[in-house]
Each structure stands twice: as C-alpha cells, then as structure tokens.
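Number of protein chains: 2
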Amino acid sequence: MNNTVAEQEDDNTVYVGSKPAMSYVLAVVTQFSEGQETVHIKARGKAISRAVDVAEMVQRKFVEDSEVEDITIDTDQIETDEGEELDVSSIQIDMAK
Amino acid sequence: MNNTVAEQEDDNTVYVGSKPAMSYVLAVVTQFSEGQETVHIKARGKAISRAVDVAEMVQRKFVEDSEVEDITIDTDQIETDEGEELDVSSIQIDMAK
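In order, the protein sequences belong to chains Y and P.
Quick note on the working numbering: the first sequence kicks off at 33 and runs consecutively.
Quick note on the working numbering: the second sequence kicks off at 33 and runs consecutively.
Excised from the complex, chain Y in its bound form (with noise of 0.2 Å):
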C-alpha cells in the first residue's frame, strides 16, 4: 500500500529541463488525462522559467479546470562535476483540476 501511494507521487511530478516547453506541457496533459488530480512542476537553475511557462500554458490554453495551487521554492545542494557543492534554486508547482 505505501508503494503504491510512493509510484503515485513519482508519478504526478513532472521534472522540467532544458527541452522545449511543450514536451513538458505534454507531460502534465497526460497526467491530468491519465486521471491525475495533482500534478507537480519541478525544475532547478535556468529551467524555472520554463516551468512557469508550462503551468501558465497548462492551465490557460490545454487543461483549462486546472490551476496553479501552491507555489514554493528552496535552494538545493548539487555537486558539480569537480566535485565541489554548488548552491541552486529550485522550484515546485503544483497544480490541481
């Protein structure tokens, strides 16, 4: 039973990269069309913009009972190829129909 609840959160998250906007709003469409109430909208760095992007596209041109429920944003430690600490922002935003 945790698994299952455990996949399902995996599931509903849609990681936002460097690609263009779209292939993510795609992501979040099947989500939603999948039967999905929630959909949350990671990135990291640079592609924060992009995933302001794709909710405002979600939830104003394609799945348009959705909205932008909570917003939060931190700052993640990732290391970099060197091996050294580097400081990112990173933001989340989940989105509910």
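The hints are simulated quantities; they were obtained by calculation from the structure and are not laboratory data.
Heads up, a few of these hints could be off.
Same chains, same label: a pair holds when it works inside one copy or across any pair of copies.
Unchecked claim - Below, in silico cross-link-like pairs of lysine-lysine (PhoX-like), each with a Cα-Cα straight-line distance of 25 Å or less: (1) Lys-78 to Lys-129; (2) Lys-129 to Lys-93; (3) Lys-93 to Lys-51; (4) Lys-74 to Lys-93.
Place chain P on chain Y using the hints.
This is chain P only, laid out in the frame that chain Y set:
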C-alpha cells in the same frame, strides 16, 4: 493619503532584469533596512529564475528574519518592437520580515 500608499507600494517593489542577482539582492536588503515590512520581487521571462535566486539569497544569507510569504505567477501581454503581441510569463514573490 492614497497617494502616499501608492508611492509606498511602488517603493517596495524590486523588478528583476538581466543584471547579476546580487544587484537585486542589495535592492531588497535596502528596502528592508529602510523599514519596509514587505518587499515584492517581480520578474518576467528568463529573469524569473533570477528572481527566485534573489528571494532565496535574501532569506538564507542576508535578511535571515525574512521569509517568502506568497508567490504568484501570471501571463503578461507585451508588444514587440515590430508591434506584435507576445505572451510572457511573470512571477511575483512577496517577502516579509
């Protein structure tokens, strides 16, 4: 009286653009040190990621009794130099101490 309020509201808004994040961090820190209890950080497009960096740096390193109170995203219509309408995402991060 209304004028005074309007000026104060304008005064405690920091618009994040393409300068290094530290320029805007300094602007936010200055607002708080001049007695503002809330500061609004606004950005559009690619500068949204930098606005998140600014808020994180302020609350973690520079004004440690400050915190993010609310984050909202929106879509603004801007006009290009060629006169075309363009949608651009925006963010407003409300910080308080």
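Check your understanding: Which of the numbered hints are not met once you compare them with the structure shown?
Key -> 1
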